[in-house]
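Produce the entire structure from the sequences given, and follow the hints as far as they go.
2 protein chains.
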Amino acid sequence: MPELFNVLPPASALKVLLDHLPVRVRAESVSTAEALDRVLAESLIAPSSLPAFPRSTMDGYAVRAADTFGASESLPAYLSVVGEVPMGRASDVKIEPTQAAVVYTGGVIPPGADAVVMIERTQKLDATNIEVLRAVAPGENVISVGEDVKVGEALLAPGHVLRPQDLGGLMALGMTRVKVATRPRVAIISTGDEVVPPDVEPGPGQVRNVNTYTVAGLVAHAGGLALPQGIVRDSFDALLSVARAGLDAADALVIAAGSSVSTRDLTADVVNHLGKPGVLVHGVSVKPGKPTILGVCQDKPVIGLPGNPVSATVVAGLFLVPVLWRLQGVDEPPDRRRVTAKLTHNIASVPGREDYVQVKVVERDGELWADPVFGKSNLIYTMVKADGLLCVPLDSNGVHEGEWVEVSLF
Amino acid sequence: MPELFNVLPPASALKVLLDHLPVRVRAESVSTAEALDRVLAESLIAPSSLPAFPRSTMDGYAVRAADTFGASESLPAYLSVVGEVPMGRASDVKIEPTQAAVVYTGGVIPPGADAVVMIERTQKLDATNIEVLRAVAPGENVISVGEDVKVGEALLAPGHVLRPQDLGGLMALGMTRVKVATRPRVAIISTGDEVVPPDVEPGPGQVRNVNTYTVAGLVAHAGGLALPQGIVRDSFDALLSVARAGLDAADALVIAAGSSVSTRDLTADVVNHLGKPGVLVHGVSVKPGKPTILGVCQDKPVIGLPGNPVSATVVAGLFLVPVLWRLQGVDEPPDRRRVTAKLTHNIASVPGREDYVQVKVVERDGELWADPVFGKSNLIYTMVKADGLLCVPLDSNGVHEGEWVEVSLF
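Going line by line, the protein sequences match chains A and B.
So in this note's numbering the end of the first sequence lands on 410, straight run, no missing numbers.
So in this note's numbering the end of the second sequence lands on 410, straight run, no missing numbers.
Please note that the accuracy of each hint is not assured.
The list treats identical chains as one, so a pair stands whether inside a single copy or across any two.
Only pairs whose alpha carbons sit at most 25 Å apart, straight line, appear in this in silico DSS-like list of lysine-lysine [what the hints assert, rightly or not]:
{"no.": "1", "residue 1": "K179", "residue 2": "K15"}
{"no.": "2", "residue 1": "K150", "residue 2": "K385"}
{"no.": "3", "residue 1": "K360", "residue 2": "K150"}
{"no.": "4", "residue 1": "K150", "residue 2": "K376"}
{"no.": "5", "residue 1": "K385", "residue 2": "K15"}
{"no.": "6", "residue 1": "K124", "residue 2": "K287"}
{"no.": "7", "residue 1": "K179", "residue 2": "K94"}
{"no.": "8", "residue 1": "K179", "residue 2": "K385"}
{"no.": "9", "residue 1": "K385", "residue 2": "K360"}
{"no.": "10", "residue 1": "K360", "residue 2": "K342"}
{"no.": "11", "residue 1": "K385", "residue 2": "K276"}
{"no.": "12", "residue 1": "K124", "residue 2": "K150"}
{"no.": "13", "residue 1": "K290", "residue 2": "K15"}
{"no.": "14", "residue 1": "K290", "residue 2": "K360"}
{"no.": "15", "residue 1": "K124", "residue 2": "K179"}
{"no.": "16", "residue 1": "K15", "residue 2": "K287"}
{"no.": "17", "residue 1": "K276", "residue 2": "K15"}
It is worth saying that the hints were derived from the structure and are not from the lab.
Okay, structure coming up:
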C-alpha cells in the first residue's frame, strides 16, 4: 500500500494509477468494416501505391500535352481520336503524336498520353477528329501512380481512433482486416444495503441502482465493454467474493461504493485483498469525489467510486475514462466538446481542490452563458439537467459572475 | 420533378430535401440499459418523487434542529440517542425533543427529526448521550422528498440524445424501458464498372470500393444502421433493380455514383423511377460535391453522392447526416467538435459556392494553426491525413493566411 491515504490532486492521482499499469496493449484482429471508433494497435504501411495506374480526373480526351501547346479557341490543335478507354479495363490503345483517346473520370490514361483535355474544351470535327481549344500541361487532369499514397508510406500509427474515412482509406488498399486494441472489459459493482435493482419497487429506505448504468455509459463512450456485476450488500466477504470474480472476468474493476464512511473503508479493505499493490490513492482533492479509491490489483486497475451519483460520474470521468483509453494505447483521450461561455453566478472554491460544477449552457442575446446547476451532489437530476462541467482549478478561490469559462460538454 | 436541375446553395438544398420528408418519427421501446446514444421519442414525466423519503447526506445524528440552536464547542447541546436507522430500512424510532438517532449517508431521516448533525460535530458522552458542538438549521444535511425530482415533473423531451447520466436518472425512477427513435436503416450502393470489392485484387483499370465503408461509418455516427448493397455496374436496369430492393429494405438510400457524367445522369434517372417526387435537387453549389443528387421516393430520402471519396464524404456530411438525425426527430444534429485556428496558407474561393477545405490542425508556439491538405478531391488519403474541414462561406472570395478560421473536426 505504498501511497495509501494520501489525498492527492487529481492529476497526480491519475499519474500514480497510470504509472502502476502495464504498458502492453492487448490487441485483436477485426474486419476493417467493423473497426469504426476502435483504436489502432499496429503501424499501418501502404502495401501498394494508390492509384495503381494513372487515372483521369475528368471526362475528356487523353493526349500528349505537347500536342496542345499554344492551342486556343482561335488556333485549335487538331488531334485524331484513335479509341476509347473503357472504365475498369486497361487501355488497348497507345497514343502517338497528334493522337487522342476518349477517357472517363477515373479511367486509365493510355500509354503515350500524359494529360487529359476536358470534353468541354474540345470540339468534334467528325467521327475521328477533334479540335482542342485550350492547351494542357503535362499531368493536367491526371492522378499519377502513387499520388494518393506511395507503396511503403506510413499511413496510421498505433493509438489512432479509426474514423469513417480511415476505413475507406484502408479498404482502398485492400487492408480488409486491422489489428485494434481489444475493448477493455469493466466489471461494475454497486454496493449498499439500501440499493435495489431498477425494476424493483423500493421498500422504505431503499433506492434504485443508478451508478451501474451511468458508469456503463461512460465505459461504452470510452471504447470499453461494461460487465455489470449487480448489487452487493455491505459485507466484506460478499464484496470480496464478487469483486474477485469481477476482476477475474474483466480488465478493470469499478466498485461504486455505498455512501457511508464505513462502506468506503470496506471498499479499501477489499481492494487491498484483491492483489498487489492494492490501494494506491485513497482520497483525491476534488469536489465532488474526495473519497475516491484508486488501486491496481493483478496488473488491473481498480477504482472505488463515491456512492453518490454525481460524484461517481465526475470521478469516473476523471480516472476511469483515461484509464480505459490508456488500456487501448491512447495517451491523450479524445477531447470532449468544449464551449466558452460567461458565468451567470459567482462560484466559490477553496485553493488546493479542483471543483467540478455542473452547468447549463444557455444563449442570451447572442452570447453563451454557463449557468451553474446548484444542488446537493446526491441529486442525479442535477446531472440530467446540466449540459456540461466546468472545472475551477486547484489554485483558485472561485470564479466570478461574468467571467469567461470553458465548459466540457457531456 | 419540381426543382430538377437547379443548382442550389447547400442550406437551401437541405431544406428542400427535409421539407419533402414525412414528419413522423418511427419509434420502438428498448431497455434503458441499452438506450445510450439513442434519441428519445417520448416526453418523460417523473412517475414518482425522488428521493421518496427524506435522506441524510452525512453520517451523523438525526435531530430536531431547534434542539441545537445556539450550540457551540463551549456550550454544547445535550441529546440522548434513542436508536439507529439501519440502511435500506424504515426508521423504527421517532425523535422527540432532546432526542437523536444515528443515521448514515443515504439513510432515512426518522419521523420527528428535521436535520442531521455530522458525526464530526458531536462528542459521545456515554452509551446513550451526545454533545452537539454546532447548531444545524432545519433541513441541513437532509435531502427532502422530491428535492431531486418531483412526481409529475417533466424530465426529458423527444429528440434528446440519451447520455450516461440520463440512463442513471431513468433507472433511479424505475423507468427501465424507454421509447426511442428506431435507427434509420440506410441502404448504400456503390456504382461503377471500375469498382471491385476491397478483398479483390484489382485488375488493370480497376479500383477498390471505398465509399460504401466511409458512408457506413458516417451513418453509424449519426445513429443509423448501414445496409451495404454491394457494387452495381453502370447499367440502368441493374442499378434500378438494386436501388429498388435497397429502398424497400431501408429507410433511406444512398447511391455513391460512378464518377463520370454519364453515370451521374444514370443515377438521376434511376431516382426518378423509384417513386414520386423523385429528384428534387440536382447540383449543389458546393466544392467538392457539385454533382450531388437529392430526392425523395416513397417518402424516403434518396441521396446520390459524387463518386470520388472526398466529395462523397463531404456531401454525406452535409446532407445524409442531418437527414438521419431528422428521421430520429432531431432538428439540430449534435455539433461536431470545433477548434479555432489560424490559417497557414491563403485559400481562394468563388462567391456563390461553399468550399470545404481539409486541414490538419497543428500547434506551433502554443497557437493552433489550420494547415490545408491540398490534393485533388479524388485522393482518399487527403482525408485520412486531415483532422477536419473548414468551410469558406458562400459569399466569400477566400480566406487569407493568418486569419482565424473555425475547423469542424472529424
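- Query: Which numbered hints turn out to be false for this structure?
  - Reply: Violated hints: 1, 5, 6, 7, 11, 12 and 15; rest satisfied.
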